[in-house]
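K.L.:
Spelled out from the first residue to the last, the chains are:
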Amino acid sequence: MIYRFLAILLLWAGVASAQDMEAPIQQVLQEHGEIIQKSSRRTIGPAIDTLAASGLDDAQAVLERWQAREMWFNKETGAFVFGEEGENRTLILSDVAGGDLGTAPKGDYKQLKPNSGIRGLIGAALVQFQLTAPDAATRAAALDAIERNPEASHLAALRAVTDEPDAELATRSARLERLLTIEFDEDDAARIAAIEGFEGDLGVDVRAALNPLVQTELSFVAAGEADAPLQIGGDITRDDAYALLVSAGEAEAVVTSGEIKEALIANIDGAEVQGIRVAALDTDDARASTYALLSEAGLARPQVTEADINATLAGFDFFRSYTNAPLDVALAAQAVLSGIETKVAVNQTFDLGLDALSLASIYFLAAIGLAITFGVMGVINMAHGEFIMMGAYTGYVVQLFITDYTVSILVAIPLAFAVTFSAGVAMERLVIRWLYHRPLETLLATFGISIALQQLAKNIFGTQARPLTAPGWLDGSLVINDIVSISYIRIAIFVLALLFLALFLFVMNRTRLGLEVRAVTQNPRMAASMGINPDRINMLTFGFGSGIAGIAGVAIGLYAKVTSEMGADYIVQSFMTVVVGGVGNIWGTLLGAGLVGSMQKGIEWLNPSNTLAAQTYMILFIILFIQFRPRGIIALKGRAAEA
Amino acid sequence: MKKLLCSSALVMLAAPAFACDAPVKVGVLHSLSGTMAISETTLKDTMEMLVEIQNEAGGVLGCEIEAVVVDPASDWPLFAEKARELLTVHDVDVIFGNWTSVSRKSVLPVIEELNGLLFYPVQYEGEESSKNVFYTGAAPNQQAIPATDYFLEELEVEKFALLGTDYVYPRTTNNILEAYLQDQGIAENDIFVNYTPFGHSDWSKIVADVVALGADGKKVGVISTINGDANVGFYKELAAAGISADDIPVVAFSVGEEELSGLDTTNLVGHLAAWNYFQSADTEANETWVASWKERMGEERVTNDPMEAHYIGFNMWVNAVTAAGTTDVDAVRTAMYGQEFPNLTGGTAVMLPNHHLAKPVLIGEIQEDGQFDIISQTDEVPGDAWTDFLPESAVLKSDWAELGCGMYNTETSSCVQLKSNY
Amino acid sequence: MADMALHGVRRPLIVRHPSLLIFLTCLALFTVAVTLLAEGVGMGVISTSFVKTLGKTLCLCLVALAMDLVWGYTGILSLGHMAFFGIGGYAIGMWLMYARTEIIVRDSLAQAPLPPTVTEISDGIANQIFGVVGASEFPAIWALAHSFPAQLAFVVLVPGLLALIFGWLAFRSRVTGVYLSILTQAMTLALSLYLFQNDSGLRGNNGLSGLQNLPGFDDVPQSSVSIAFFWASALALALGYLLCSFIVSGKFGSVLRAIRDDEARVRFLGYSVEAYKLIVFVITAMIAGVAGALYYPQAGIINPAEIAPIASIYLAVWVAIGGRGRLYGAVIGTAFVSLLSSWFTGGQAPDINLGFAVIQWVDWWTILLGLSFVAVTLFAPKGIGGLIDLIEERRSPDRHGADLGPDAGALREKEASK
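Residue numbers (numbering that gives the first Met the number 0), protein chains in the order written: chain A, 0 to 642; chain B, 0 to 421; chain C, 0 to 417.
Okay, chain A solo, but in the shape it has when bound (with noise of 0.2 Å):
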């Protein structure tokens, strides 16, 4: 132990000896130390600049290195050196200049952390030598670099690489020359050439670029100096114009009541002020008129009058200018955006269709196991959350078990629909089945179930979400453009549901239980009759209805969280969905989801800073629809319904 010590020892003299502070790049680097240490972005600048335009050999490794927070520097001598974290609490060390330096406590050194913002102008500085990379991630590096960062300097390397293999690369680089030329180029027509040949499209990239151009700026001429002055009241309000002209010190402020406040206080002469008495001053015309008084003694400025505002307004013309863009290379801007305008609004509201529409499917899956056990057999389980709650829980124990998540999922989704199934045989063995003609004991006894479901949750995992991790598969979403665009995991529930309602129909039409829970729900006593156990069927039937909101749980857990209290959350809303749509008839439910679904989004599109707002105006829509059609949207005729 004591040798392996002496050791670490001998090594960390040999080191500190070893490191070359000569090299250029440490003297570099050390010229700019204390700016690199501070590591801010808004002084790190020039350090960067120099050691990118340094034209050392070792620049671009420590630029990469430093990004990569390989960097560290020695507490006391202040030398840089790369630095991995090795066991023990030890650094293993080489030299920015190249070279081993072997191993050092972790204590003597501290570590570069560039924050973001720092790391993106090294990037954007690396862009120089990652363009011609012989590596395409690099290569794509860097393009990403110019994307976040884009300076002038990279019009010229972009334009300079013209042999890109890539052919994707190729086209974002040729892309993004385009953009950097309308930022960057001095020729106004090469400009106007880029922003034409980005007619109608929808990237964010482009918008970006773009509206700055158009960016304008309100100012003002003596009257009739301008060719088409704004109209006052129409382009732009009277107060905006005034307090143009007061902030350009044209015209005097309008007197403020906190104004009128303090020089009344400042006169006050005992207990009056200019002969009023101050207990009099408790209004506001009160207060006016005697600052009126102040203003003729001379002790406040006048007030300002509205025939003050319109005669000084009189006396100017107002107009706007770019300000960012010449002229012409605006105006192409303008023309270029109005066109991308109305194309990004169509492609806004398709985008928003499909918002709607996963929504939909969303609470078309929570509400279609409800469609079965309420629409179909007429029993009102208000436990039905507590089952996609079941299942989403399924989900997350099957992977804590088994860590491939595609796996766990494919396993998950069958044993889901086992607990949940068995977990409705029993609940309707032992409960439901006493109270079948008793709808309202139904409804309580099902939500005392509800609330120890819950309750039982909590007590075994705890409040906070846990995860439930969708497969890589998953990840990330369908891009149709930058506006459209759809994640995957909901496409993969709205595939779900489609294939729910198919399995609902299948089952259903044309299979012998679908005769027979239909026999059994139409008249339970001829059914019987026939040879078909009721009690059976409604034991399948309910436990067929939980088992699908068990996997309908894996599902909505795979999108939002797994909680307790996730099943309460969709109860209601799964209740409206099938009464809204019409009991007994799933293309209702489907309807009813649908209907739900766009309402919401289109509510939350009116008021979009308030998504709450959303969910009670929804609400009290469905309460008065369901006044005007109580049996739902499509509502069953004759004798079934009044069963």
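It should be emphasised that the hints constitute simulated quantities derived from the structure, not laboratory data.
All of these numbers come straight from a predicted model, not from anything done at the bench.
Errors might be hidden in some of the hints.
Claimed, not checked - On the chain A side, residues computed to face chain C include the following (Cβ under 10 Å):
1. ALA285
2. SER288
3. LEU292
4. ILE379
5. MET381
6. TRP433
7. THR441
8. THR445
Cβ atoms here follow ideal geometry from the backbone N, Cα and C, with glycine treated the same way.
With chain A held as given, fit chains B and C onto it using these hints.
P.N.:
Leaving out everything else, chains B and C in the frame of chain A:
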């Protein structure tokens, strides 16, 4: 079944012999059941650990300290009831408790009526200074403002999306931030504000809106005051949309080590959080603290910011009681002003006359292991009860030592009220 | 009912309902006993916080009476009565907050060099009340918050009006049974979601707080305030009980029970079923509003979580456990379950050590409550009240082939005989 022991009173074992016969009682008012239990149970355990450590060191004033634990069950009216019970039935000398703002507002009238003493350990929206409460968590200027400065200066963010859960903390914080950003020259149009319900799960449209903010060529940053469960869906949607921290950074004020344990953080690496404490703080005091916590509670448990707040608050209280020589509320309160105690993150926390602490502000990047990498640490920032960035509050000042008022109007030079707003 | 048929002549309510007399006597004795034992006025055995708990329980009993009237007697399982209860609390809470804040603001502005204008005062109040939730202007619904009589009227008028509109829409389109239950639940959810918004003007999630401090009574200690509210709650419960007894005793009550048992038949007999239901729905909503207005000043804070659908479900649970269709059942059930509940969740109940696991009632009480509720619906549809039947050894009326339970489709004879 990881619920821990929660008997109503915990008597310390193996404590040294104490000179006095009646123990000094410390009330612990944290929910042990209901929705807030997961966050607050941790704080109850922290308090029990702190009391135990203190008793091993000889208690206070030669007396043993006894923790009286009650459960307000995440039910806001019940907080008031239990606070009254602690002060009148159990006769506690001080209460450590509360998490949500609304529970604090519920307790305030009772504490003020009965002249109790409360240590509140969670970051909050400010705009309050009660004579009977010491705020050991961060005020907005100790968390939100420095984080926003970081966005403005280090990340050059020019356009802000303020996303929050619809309740008082995000509302007030966002109001302050809006005013602050406009002072910093950010146009009103460049600030996008959105509120969502508790536990919100459908984030696709909001995330799309945030992405669309980039359309005018300005760098977008998200300041998130989203609370609790809703974060899961939010970060999942963020990851699905492929938004990296380098494109649109997100800084969160309510996401700490404890919250991240419910998430798969691989997709969140690089996003930020601002607190006064991170478990990864590299000091010896913190190492000891984390080690004793893990030893007591289990290896997988993490420490977080409100725990440090209780750590500082409790130790300051012990020192103040020792200095005052009594547990009398008024004497202890006077002794609290100017109390100093070393932070776990280095430096020293000071109790100011406005009942807030001076603490450093840390900004950390989320790492794959669910911990934070501290990339920025300021000097101690004095907590400000009334924000300087809202016109109504800018004129207010709190100073219980000199002025004896928590809501002093500097314009009219008068005390608006001695009790607080509920 | 049998009595009425026999005697025909109207005798005083008390005589017709001996249970009424017993109930009122018990309530009076209880009130006096608590007062004598209380901390504020009496011997100090009962702490102020427990007096408040008892006072709040009396308010809950009152709203349970309303629930029993609408569900146990009329057969409408409303899951919205706690919403009316909350509205009552909000209505009185607005005045309490406004008036208390106004005193503070006036005192503070009186020290300013200039006398305040009306707008300055109202801005000051708005800033104090809404500053906490990041706003500073009075929403329109606070227009009458300064007026105590107006807000007092709102305590009954707003729940009444909401019940009238909702009930009229629902009953008119013949929404009955579970559909109505779900619809009332949706109404409650919509209201609580609405109130959760900060923009609702009622301080969002924070709600109204500091309600225990009565404006102008700063010097009165809470121990006395709590007794005053306890008395007020007891009085309200007594009056509510009288009102409900009166409603269910006469012909009106018979029609209500008939609607519960067979709505269609009553309609064919020429009664306006909708009108009867609407009247009961509105009256009970008003009773709930009054109960809420007395409850929340004792609780000290009201926020939207109080209105969440689960609260109304608990209300139904209390009534069912106490025994539907009898007024004292509702009171007994509520007092029993809510006090037991606060005992269990208060951490006073001893843990049960099963060897392999420790049952902590804080965690397991809700499960027990949920399961006991299932048990009551399955095995004892008459609830605790059924025990009293056993004591009286009264045989249930012989109604062969009819439902045994109190509402349509209740426990059937052939099911009961199984």
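K.L.:
Which of the listed hints are broken here?
P.N.:
2, 3
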